[in-house]
Amino acid sequence: MNWEALWLTVRLATLVSAILLGLGIPLACWLTYSRWRLKFLAEAVIALPIVLPPTVLGFYVLMALGSRSPLGRWWQSLTGHTLAFTFEGLVIGSILYSLPFAVQPFAAAFSAVDPRLLRASASLGEPPRRTFLRIVLPLSRAGLITGFALSFAHTLGEFGVVLMVGGNIPGVTRTISIDIYDQVQAGNYAGAHQTALLLLIVSFVVLSIVYGLNRRPWTVGPWK
Amino acid sequence: MNPATATDEPGTEPHPLEVRIRRRFVGSARAFDINVHFRAGTGFTILFGASGAGKTTALDCIAGLIDPDEGLIVAEGETLFDSERNLRIPPWKRRIGYVIQDLALFPHLTAIENVGYGLRFMAPNQRRQRSRELLNMFRIEHLSNRRPAQLSGGERQRVALARALATGPRALLLDEPLAALDRPTKGRIIDDLRQWNQEHKVPILYVTHSSEEVFALGEQVIVLDAGRIIAQGRPHEVMRAPRLETVAQLSGFENVFDVTVMGIHEARGTMTCRIGSGPLELETPLVRADIGAKLSLGIRAGDLMLATESPRGLSARNVIPGVIRRVDSRDVIVSAVIGCDGAEFEVHLTLAAREALNLVPEKNVWLVLKTHSCHLMIA
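Chains A and B supply the protein sequences, listed in that same order.
All the letters of the first sequence, read from the start, carry residue numbers 1 to 224 under the numbering used here.
All the letters of the second sequence, read from the start, carry residue numbers 1 to 379 under the numbering used here.
Hints are supplied without guarantee of correctness; some may be wrong.
Taking beta-carbon pairs under 10 Å as the criterion, some of the chain B residues facing chain A (in silico) [unchecked claim]: (1) G118; (2) L151; (3) A166; (4) R170.
Note that these hints are calculated values from the structure, not bench results.
Heads up, the beta-carbon is just placed ideally off N, CA and C, and yes, glycines get one too.
Let the sequences and hints guide you as you build the complete structure.
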């Protein structure tokens, strides 16, 4: 077992799903309550990672982070190195990659809250922001846990994006799924199996939690 | 001579709520146009009409949940909405209590937390005390820690009302909040609400499509139809009585009299009607009629009771002394004709009753007639 890769992966997945919790809640809130006509375009963009080959996503993230892009140059002028092939770059790529797995359950949970409760809250003197905190968030608890767990599990097992953005640097960007690939390449099937089984069990446990929390099965795809 | 001192006549008090709204709905299944203008004083004002008449839309506009296309909404002198000045106070700043039919209790909060929801500005112990007072007033203090799912229909209604009243609203909108309740429960809740309003004196707009509720609550009624106000006034002026029957139904009554309306008692929901040229007068249900109107009064023989002594402590409003003129038996029904002051009544009794009371001609009896056994018809 490559403990270094495992620890790196757990760190990455925890960080990414925590950031997605903070980022996904306002985004899902906007998606749920906005009446913007072109909202469907934003929905499509957020859902892209579900259908896009990870290498394609990884390629564009690499382009965006590299020294030829404005973002990459700005980061380089700030820190002296590019984001590509760093842990930070990996975090950014993973956030984009797992975004729909957090935002979609959040948005589904928010829109499942009875709008009459929101109206009742307003007529009791609570402005929308406080209504969101006091009514929508507590009633969406299962959806929030689902989104957190799914983005965690999804980041845990990513491969293509990591390879494109992070490369394969031990202790920096070599995650557990890349480690499995390396072990297979090296003919070490027993080691690969050990690690693969661990990933399988963790994924199963996470999904069991998710389905146990939601009586309605969570489906991959555009939410209503 | 002292000049008459000016008193607060009910007709001259300032109206705490003025509503003038126009709203057009297009694009839905059918185009709908609402255009209403009314004022409401303190106490109950009933918005009456069939579903789809625009009652709920009117309340939504007052609460600020939807905006009229044009209009003016003023509560306690503060303008909440004015299309001309482009003024719109958001719903959470209007201080308008609103209870909808589905109640919309917060499912994740207990009864006491629901009631205290709008009291965020208070210190926690102050808030708890205020919530407790309201739960107490609606007699559900013992249910403080239950969630809505663990409450009965009537209990939920009380929580919803208490929650709306807790914030001290300057007007209260009730959209059929009691429609799903049985009559005794409904009556008790309304009594509690009346009592609350005696202290607070705010306008209460009460939406219903039940004419029975109009007579039970009504001080003022506004009748809506297809988005327009078609009548406005006191219940008996604008409402058809629940039992104003047609001549076609006349055949079902053994006793039919020509009557004249002598007095209207709105507070009691009754009228006094004189039979023929008098002097006998009966207390009947209130219908839409003016003093002096000629109506027909039908009474079923089976709805009349006889007493051999002057009855006391009865709920029936009409107790009339009379003399038995005839007693006939038809099969198992005993038909007695009673002569009272200027009128004769046919009464149906059982054989057992005739024997127990020894009902024979020339015997003095008292005729007992409930107000609601009097059926008024257009003459």
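Results for each hint:
1. G118: holds, 3 Å
2. L151: violated, 16 Å
3. A166: holds, 8 Å
4. R170: violated, 12 Å
Figure legend: structure checked against the earlier numbered hints; hints not met, in rising order: 2 and 4.
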